[in-house]
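Chemist: These are the residues of each chain, in order.
There are 2 protein chains.
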Amino acid sequence: MNWEKNVRRVVPYVPGEQPKAEKVIKLNTNENPYPPAPGVQAKMVAFADRFDELRLYPSPTVEDLVKELALYHKVPEEKVFVGVGSDDVLATAFLTFFNSDKAILFPDVTYSFYDVWAALYGIPFETKKLDGNYRIIPEDYMVENGGIVIANPNAPTGIALGRDVLERIIAANPDSVVIVDEAYVDFGGESCIPLTDKYENLLVVQTFSKSRSMAGLRVGVAIGSPKLIAYLNDVKFSINSYTINLPTLEYAVESLRDEAYFRKCVDRICATREWTKEQLTALGYEVLESKTNFLFAKPAAYTAEEVFEYLKTKHIYVRHFKGERVKDYLRISIGTAEEMQELIQTLKDWRK
Amino acid sequence: MNWEKNVRRVVPYVPGEQPKAEKVIKLNTNENPYPPAPGVQAKMVAFADRFDELRLYPSPTVEDLVKELALYHKVPEEKVFVGVGSDDVLATAFLTFFNSDKAILFPDVTYSFYDVWAALYGIPFETKKLDGNYRIIPEDYMVENGGIVIANPNAPTGIALGRDVLERIIAANPDSVVIVDEAYVDFGGESCIPLTDKYENLLVVQTFSKSRSMAGLRVGVAIGSPKLIAYLNDVKFSINSYTINLPTLEYAVESLRDEAYFRKCVDRICATREWTKEQLTALGYEVLESKTNFLFAKPAAYTAEEVFEYLKTKHIYVRHFKGERVKDYLRISIGTAEEMQELIQTLKDWRK
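Quick note, the sequences are listed as chains A and V, same order.
Residue numbers in the first sequence follow the numbering used here, run continuously in steps of one, and reach 352 at the last position.
Residue numbers in the second sequence follow the numbering used here, run continuously in steps of one, and reach 1352 at the last position.
One chain only, chain A, in its complex shape (with noise of 0.2 Å):
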């Protein structure tokens, strides 16, 4: 019995947990507090009186979808690309564009799944460290590479450059594809679609999953260049044809169409954010500056880990890296007013 030679052995992503229990405060794997725009339930009503089209494919093209994207982002159609949320996109861009020998380039704090796509597709890779306060260096960026991914805003840091640096960074690149990942630009980042005009090897990457309450649902969303688009699809359909299922379709056409909706929950979420921040800073905690529906927080008079460990006891989920340069503080997803209002009491009455 010797098949297992032969396997493929990789160390996969933890992602956070989903508690059962009832009564929890979650605020560990950044879902949004708020359900989906209200036009989303009113299709799924629609939906079941034609649930017998399940047993129809849907479009391979997905091309109601691509089209009301183009139409949200003001791009052409032939820009945008669809898949099973942003992990999935990403996934599928790494092994389209990163095929070379050269070490693709990504920062030492940053999204935990970069360097486990590498690991998977065998791309050689290279973390680049961010300096004292948590920031990309730009000249980091401008050496032989064969691809770079940057997050912006970063996770689990929260920090947002502006759309100059990373231009920059593009600009220096012209052998490379440079994917910005901006799952969390909705709430407060500077987006870099309006570069993907000029530069045709920038891939910008967002979600359903955090601003549009839809993790759920699993869309995610790239806009490039009509070539780079092109290319993502064929490896796309090269690996299964249809992923979005039908009715996901018509749900996240419905989401893009409610933009006051979208806004009200956005601008709620970052109202909520400050003043958790604010809270946390009297408290004596270190919070980055984010543009995110998360905070990266350093605890005063604990360690992260007991902080993380309290919490659990009082039902309440944040999220704790073990690595070395994040160890020391707390990622907490930003829930509604009233669990934040919760989060700093049951802080508070820890430290009486």
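Calculated directly from the structure, the hints in this document are not laboratory data.
Note that the coordinates shown come from a computational prediction; the quantities given were computed from them, not determined experimentally.
Among the hints, erroneous ones may be present.
If you anchor each label on the Cβ, the simulated ranges turn out as follows [as the list claims (entries may be wrong)]:
#, chain 1, residue 1, chain 2, residue 2, range
1, A, Ala119, V, Asp1101, 17 to 23 Å
2, V, Lys1074, A, Gln345, 28 to 34 Å
3, A, Lys129, V, Val1045, 52 to 58 Å
Glycine included, each C-beta is placed from N, C-alpha and C at the ideal position.
Once you have looked at the hints, place chain V on chain A.
Modeler: Just chain V now, kept in the frame of chain A:
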């Protein structure tokens, strides 16, 4: 601008047409003509009341569906894997298990995605010629190899091998993973699931797209030894933690719980298939014996391509493959009895 030199270039699989016109008889992608189980519709209505849950990530381990599949197939939960349609499951299995320098083996006439995945992931492959009756020669698969994939029943031929034949191949290959792709098994084939107890290296893949009328939902399944499934999950979790969306999980569970409805639809399709086969044979067609929801048939007076184009003008879509060994045949999915009557009448009218 030299970023293109690093791009992975592939020739993707081309799925069957999804015509947009009304009043089409669609017999080109092996979809089920009957709706999913009625419980699925009820669950859709019920889920709309809980649509706010879409803001949360689904369970990464999809344990509710895994549990239901384990019950259904009478296997332990550790033997069950779920993906976004069987294409996703198969692609992930290729990436996981076919990771050597030796060629993987599959028939020259089979599902046309196998060589696409092999090319995508850089897996060497060798096709083995089916015999004159489009049957596998088992001894062809008893040579050194890096893995084996066999569709049973096979597509586009519809021909099924007995479990005993498959077992001989599996038993002869303890050093390779053998994938048996059972997308069509519910229409009269003999599943190899019982062999997964005996052979650690056997992976059986099934789908909700054909017999369960849920092509639009994207659910595929693999059953194999706990060791095999663990490796598969490691790779899956290295690509995307959350692939199956929340509502889909619940709808798939409902489908599994209505065995009576499932059997009724499958039996009806098999009866319609046999009727259609008789009719085509009476028209002079050469029709292979099918254990699937389609027929592979060679027209008499005209070429397959001529019949294909003629039917299209009558808004009847069937599938024609241009490959040398299959170009004389049409693959005709089994629709409702009424649809197949119309197909036969349309063919008769042409001959008048």
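Chemist: Are the hints correct? Go through all of them and say.
Modeler: Taking the hints in turn, this is what the structure says about them:
1. A:Ala119 x V:Asp1101: 17 to 23 Å: For Asp1101 (chain V) against Ala119 (chain A), whose Cβ atoms are near 20 Å apart, the range 17 to 23 Å holds.
2. V:Lys1074 x A:Gln345: 28 to 34 Å: violated (51 Å)
3. A:Lys129 x V:Val1045: 52 to 58 Å: Taking Cβ atoms as reference, Lys129 (chain A) and Val1045 (chain V) lie about 53 Å apart, which means the hint holds.
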